[in-house]
Amino acid sequence: MATISLEGVSKVYPNGHAAVRDVTLGIDDGELLVLVGPSGSGKSTVLRLIAGLETASGGRIMIGGRDVTDVAPQERDLAMVFQTYALYPHKSVRENLAFALEVRRIPAAQIEERVRAAATGLGIESLLDRKPAQLSGGQRQRVALGRAIVREPRAFLLDEPLSNLDPLLRAATRAELALLHRRLGATMVYVTHDQEEAMTLATRMAVMNGGILEQVAAPLEIFARPATTFVAQFVGTPSMNLWPGTWSRAGAARRVMTAAFALDAAGSALAGASHDGSGIVIGLRPHDIDVTPIGGGDVDGTVELVEALGAWTTMHVRVGANRELVRVAALSGPAARPGDRVGLRFRRDRLQVFDAATERNLLTL
Amino acid sequence: MTRRSWRWSLVTAVIVSAVLFPLGWAVLSSLTPESRLFQAPGLPRALVLDHYRALFDARDFWTPIRNSIIVAGSTTVLSVTFGTACAYALVRLRFRGKALVLAFVLAVSMFPQISIVSPLYLVLRELRLLDTYPGLVLPYLTFAMPLTIWMLVGFLRQLPAELEDAAFMDGAGRWRTAWDVLLPLAAPGLATTAILTFLYCWNEFLFALSFALGPDSYTVPVAIALFRGQYQVPWGEILAAAVVATAPVAAIVLVAQRRIVAGLTAGAVKG
Numbered sequence: 001m002a003t004i005s006l007e008g009v010s011k012v013y014p015n016g017h018a019a020v021r022d023v024t025l026g027i028d029d030g031e032l033l034v035l036v037g038p039s040g041s042g043k044s045t046v047l048r049l050i051a052g053l054e055t056a057s058g059g060r061i062m063i064g065g066r067d068v069t070d071v072a073p074q075e076r077d078l079a080m081v082f083q084t085y086a087l088y089p090h091k092s093v094r095e096n097l098a099f100a101l102e103v104r105r106i107p108a109a110q111i112e113e114r115v116r117a118a119a120t121g122l123g124i125e126s127l128l129d130r131k132p133a134q135l136s137g138g139q140r141q142r143v144a145l146g147r148a149i150v151r152e153p154r155a156f157l158l159d160e161p162l163s164n165l166d167p168l169l170r171a172a173t174r175a176e177l178a179l180l181h182r183r184l185g186a187t188m189v190y191v192t193h194d195q196e197e198a199m200t201l202a203t204r205m206a207v208m209n210g211g212i213l214e215q216v217a218a219p220l221e222i223f224a225r226p227a228t229t230f231v232a233q234f235v236g237t238p239s240m241n242l243w244p245g246t247w248s249r250a251g252a253a254r255r256v257m258t259a260a261f262a263l264d265a266a267g268s269a270l271a272g273a274s275h276d277g278s279g280i281v282i283g284l285r286p287h288d289i290d291v292t293p294i295g296g297g298d299v300d301g302t303v304e305l306v307e308a309l310g311a312w313t314t315m316h317v318r319v320g321a322n323r324e325l326v327r328v329a330a331l332s333g334p335a336a337r338p339g340d341r342v343g344l345r346f347r348r349d350r351l352q353v354f355d356a357a358t359e360r361n362l363l364t365l
Numbered sequence: 001m002t003r004r005s006w007r008w009s010l011v012t013a014v015i016v017s018a019v020l021f022p023l024g025w026a027v028l029s030s031l032t033p034e035s036r037l038f039q040a041p042g043l044p045r046a047l048v049l050d051h052y053r054a055l056f057d058a059r060d061f062w063t064p065i066r067n068s069i070i071v072a073g074s075t076t077v078l079s080v081t082f083g084t085a086c087a088y089a090l091v092r093l094r095f096r097g098k099a100l101v102l103a104f105v106l107a108v109s110m111f112p113q114i115s116i117v118s119p120l121y122l123v124l125r126e127l128r129l130l131d132t133y134p135g136l137v138l139p140y141l142t143f144a145m146p147l148t149i150w151m152l153v154g155f156l157r158q159l160p161a162e163l164e165d166a167a168f169m170d171g172a173g174r175w176r177t178a179w180d181v182l183l184p185l186a187a188p189g190l191a192t193t194a195i196l197t198f199l200y201c202w203n204e205f206l207f208a209l210s211f212a213l214g215p216d217s218y219t220v221p222v223a224i225a226l227f228r229g230q231y232q233v234p235w236g237e238i239l240a241a242a243v244v245a246t247a248p249v250a251a252i253v254l255v256a257q258r259r260i261v262a263g264l265t266a267g268a269v270k271g
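Those sequence lines, one after another, are chains Z and S.
Using my numbering, read the first sequence as starting at 1 and increasing by one per residue.
Using my numbering, read the second sequence as starting at 1 and increasing by one per residue.
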């Protein structure tokens, strides 16, 4: 197993499109790093750059301390699981698993043994003589994993490996992947657009947007302190409320003014933020807003939409003169109905403050 | 049977019989004795193999058959081998002027054959290739290669690039990937292309007639055309020769027709 590091890596296509811009990222030995972002954010390109399937336009890529920027994918000794699985359709499962070993001229007896071991570990030993076309989606996915495991590579690269599975199977396979990672202790780089998948699997998460690395940190750290407004909205469901506003200081009193409401910021993390006068964006997760009787909170509003999800309920509440929309998530209790008037209390200690111009979190600085 | 499908069957039957009639007539006539060839049509009273015997005993029809097989066969092998390499490069490798190359390849095949016969004749004469197998295979390649390249570009484009990426990640180089992953998957396309190229060369007439100087290097179509004597046309033998020339090709196509149809429509429907 090996460490992987990217130093100022970028990828610009001949048509001028910059898919990846100046990404610097270190992946520790045995880590499961999840690259997450919306489609077109460059996360798959980063994976293909690590794999060597794309050549970097700038920067350096190191694997196990060795500069592999100009090394062919064949020489990098990494295994990749593709979104479409990319199983060789004309080869049986056994041949699919054995191919990489045959290419390396490993003795046949040893190949047989390793294929059998990998297949048993994944519960696909009864499928060894079938062709990929005769397998279900879940089985194909296992074969694709098996093809990577049997190699005993320096690191695993996984490109949205679960996105072609149905939701139930996806959750089960996700748990299995986490166990597999722990069992192998392998370095893994995992690409997904599903932030929930990222949160549950990652030892660290790297959030990408528009070819730029927005934040790299442990999942809960990202959840608690998103570095930018993009990360704040992308990570967590329902996504974080963001309100543009200004920060004012009158003597000892510190207030946050937004179009919909004003908050006394005394006693919150906001009080420490040194930014003054100019524009800010206030962020607060829907789970950090409490529903109170009218007049009992910081602001009153009208419920517009109620989404009951069982364990908890999301409410969309219109607040203030220009009817700003606030998402509130509460444990399901006596249900509010559309049209009801409610009060909302914001938990001061959970407020995030972003610079309106740079969109960066002022509290992390 | 509904009225609609009944009508369709009728239309199909008419078209099929119109297409097959000349072929049937040829087969029948080739088995009819010379004396009754020009009598009113109808089932002959006796079928004889006279014409076939004459074809191989009185004349040497084996030579044209051998010539045709060698010329068409080697053209097919060469053009599919090199065409696959070209098509692969055009589909997968990145280089400047790719579209231009493709357009140029197509343009080459647009010259009417008749317009290049005389220049080709002079070139081949200078190279002392007239009346030889290479003297036919080389000109055939100029027509067969564009056909092969264009067809194979179509086939290879449909193969998912991720399969090759997977092979690269598995440690296989370009050659190994081509041999172990690409070619097996492209096999139907290769077969279709090979058959069409072979048919084209098997039937080619103008070049074969122009570049062959004597009966020893005639191909089948040329040999048949030159059967006619000064005072008579030996229709029986001509038809027998036509049947002999058609039968193996028809057999190949019948055996491979599923492949061909799958190959020809492979680009149209996502499978």
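A portion of the hints provided could be inaccurate.
A partial selection of chain S residues facing chain Z, derived with a Cβ cut-off under 10 Å [to be verified]:
| # | residue |
| --- | --- |
| 1 | A166 |
| 2 | F168 |
| 3 | M169 |
| 4 | G171 |
| 5 | A172 |
| 6 | R176 |
| 7 | A178 |
| 8 | D180 |
| 9 | L185 |
Under the rule of at most 20 Å between Cα atoms (straight-line distance), these lysine to aspartate or glutamate pairs were calculated in the EDC-like manner [as the list claims (entries may be wrong)]:
| # | chain 1 | residue 1 | chain 2 | residue 2 |
| --- | --- | --- | --- | --- |
| 10 | Z | K91 | S | D57 |
| 11 | Z | K91 | S | E162 |
| 12 | Z | K91 | S | D180 |
| 13 | Z | K131 | S | D180 |
| 14 | Z | K91 | Z | E54 |
Chain Z stretches covered by chain S per the calculated footprint, using a threshold of three residues with CB under 8 Å from any CB of chain S [to be verified]:
| # | stretch |
| --- | --- |
| 15 | 319-329 |
| 16 | 352-360 |
Just so you know, these hints were derived from the structure itself, not from any lab.
Built from N, CA and C at the ideal position, the CB exists for glycine as well.
Against the structure, the hints come out as follows:
For S:A166, the interface hint holds, since its Cβ comes within 10 Å of a Cβ in chain Z; the closest pair sits about 4 Å apart. With a least beta-carbon distance of about 4 Å to chain Z, the hint placing S:F168 at the interface is held under the 10 Å criterion. Because the closest C-beta pair between S:M169 and chain Z is about 4 Å apart, less than 10 Å, the hint holds. With its C-beta approaching chain Z no nearer than about 4 Å, S:G171 sits inside the 10 Å limit, and its interface hint holds.
Residue-level restraint check for S:A172 holds (minimum Cβ-Cβ distance to chain Z is 5 Å; threshold 10 Å). Annotation: S:R176 was flagged as interfacial toward chain Z, and the flag holds, the nearest CB pair being 6 Å apart, inside 10 Å. Checking S:A178 against chain Z: minimum C-beta separation of about 13 Å lies over 10 Å; hint violated. At a threshold of 10 Å, the smallest CB-CB gap from S:D180 to chain Z is about 7 Å, leaving the interface hint in force.
Of the supplied interface hints, the one on S:L185 holds, with its beta-carbon coming within about 6 Å of a beta-carbon of chain Z, less than 10 Å. Distance restraint check for Z:K91 and S:D57: the Cα-Cα separation of roughly 51 Å exceeds the 20 Å cut-off, and the hinted pair is therefore not satisfied. Annotation: proposed proximity of Z:K91 to S:E162 holds, straight-line Cα distance about 16 Å (limit 20 Å). For the proposed pair Z:K91 and S:D180, the alpha carbon gap of about 10 Å is at most 20 Å, so the pair holds.
Of the pairs offered as hints, the one joining Z:K131 and S:D180 holds, with about 16 Å between alpha carbons and a cut-off of 20 Å not exceeded. Under the criterion of a C-alpha separation no larger than 20 Å, the hint pairing Z:K91 with Z:E54 is inconsistent with the structure, at around 26 Å. For a cut-off of 8 Å, the count of residues in the stretch 319-329 of chain Z with a CB near a CB of chain S stands at 0, and the three-residue condition is violated. Coverage of a stretch by a chain is defined here by at least three residues with a beta carbon nearer than 8 Å to that chain's beta carbons; for the stretch 352-360 of chain Z and chain S the count is 0, and the condition is violated.
This entry does not satisfy hints 7, 10, 14, 15 and 16, going by the numbered hints stated previously.
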